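Visitor: Spelled out from the first residue to the last, the chains are:
There are 2 protein chains.
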Amino acid sequence: MDEFMSAAIFQAKQGRQEGGIPIGSVLVKDGKIVGQGHNKRVQDGNPVTHAEIDCLRNASRIGNYRGTIFYSTLMPCYLCAGAVVQFGIKKVIAGESKTFPGPREFMVSHGVEVIDLNLDECEQMMSEFITTNPELWDEDIGR
Amino acid sequence: MDEFMSAAIFQAKQGRQEGGIPIGSVLVKDGKIVGQGHNKRVQDGNPVTHAEIDCLRNASRIGNYRGTIFYSTLMPCYLCAGAVVQFGIKKVIAGESKTFPGPREFMVSHGVEVIDLNLDECEQMMSEFITTNPELWDEDIGR
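Chains as they are written, first to last, in full-length UniProt numbering: chain Z, 1 to 143; chain F, 1 to 143.
Next up, chain Z with everything else stripped away, as it sits in the complex (with noise of 0.2 Å):
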């Protein structure tokens, strides 16, 4: 695993620990990190702060969106999704996408390029995660 899916699960687990959902992100421009967040509705009590939306608030104004690469530990839901559709962030390099498919063909249906590394350890954390917590992930994704 390269060292910006590792710094997305360091989100992740950040999360958990604060007692909100474990999903991480980083935005990579030209190679470096240059925003990384982590879901924060419990923790803000906020409904739109999922871990790309905190993410790119943390970026802050980078400009545009060329040449960057959206890493997190999920697969975007369309929220996020559409962030990087309106954005023009061409590639998304998820965790898995077990716990939650995502709209994956809407990215791609816009031009993204969209990878799924499929990790045992992000399923993980997702998993215990919701057969804990079932009401805040429902609501997390609008069920």
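Since the hints were made in silico from the structure, they are not lab data. Note that the coordinates shown come from a computational prediction; the quantities given were computed from them, not determined experimentally. Check each hint, because a few of them may be wrong.
[Claimed, not checked] Covered stretches of chain F, going by a simulated chain Z footprint (3 or more residues, C-beta under 8 Å):
(1) 35 to 47
(2) 55 to 61
(3) 81 to 89
(4) 129 to 143
Backbone N, C-alpha and C define an ideal beta-carbon position, used for all residues, glycine too.
Go by the hints and put chain F onto chain Z.
Guide: The following block gives chain F in isolation, referenced to the frame of chain Z:
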């Protein structure tokens, strides 16, 4: 114009007074306003604080979005349309879509009813802003 779009326009004007992009949103649930917000990209230095995202944050965790209607002075972009689809918001009422058409068909294809009120007031707010601040607007929509 009904009271909800008036409230969204009020939000947009507040954003403009703060030096921001004049887009406002209101979330209505069962006939009552449960959240209001406006674009704060400039004010907060946060590229993801579009009006609808600010509105969802301010509504905070309402649990689910059944019976909600999203009012926005401008047709939502993919980021905000992604939130609409992910959270299961079933009706979007936009003030206008001339200055930015937005992914209306994307929402409709996911079962969202989308109404465009085509209001001169909303269009003029955006036209004036885009003419005066073209670079800020391009940045907002990821150009």
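Visitor: Against this structure, judge whether each hint is valid.
Guide: We went through each hint and held it up to the structure:
{"no.": "1", "hint": "35 to 47", "result": "holds (count 4)"}
{"no.": "2", "hint": "55 to 61", "result": "holds (count 5)"}
{"no.": "3", "hint": "81 to 89", "result": "holds (count 7)"}
{"no.": "4", "hint": "129 to 143", "result": "holds (count 4)"}
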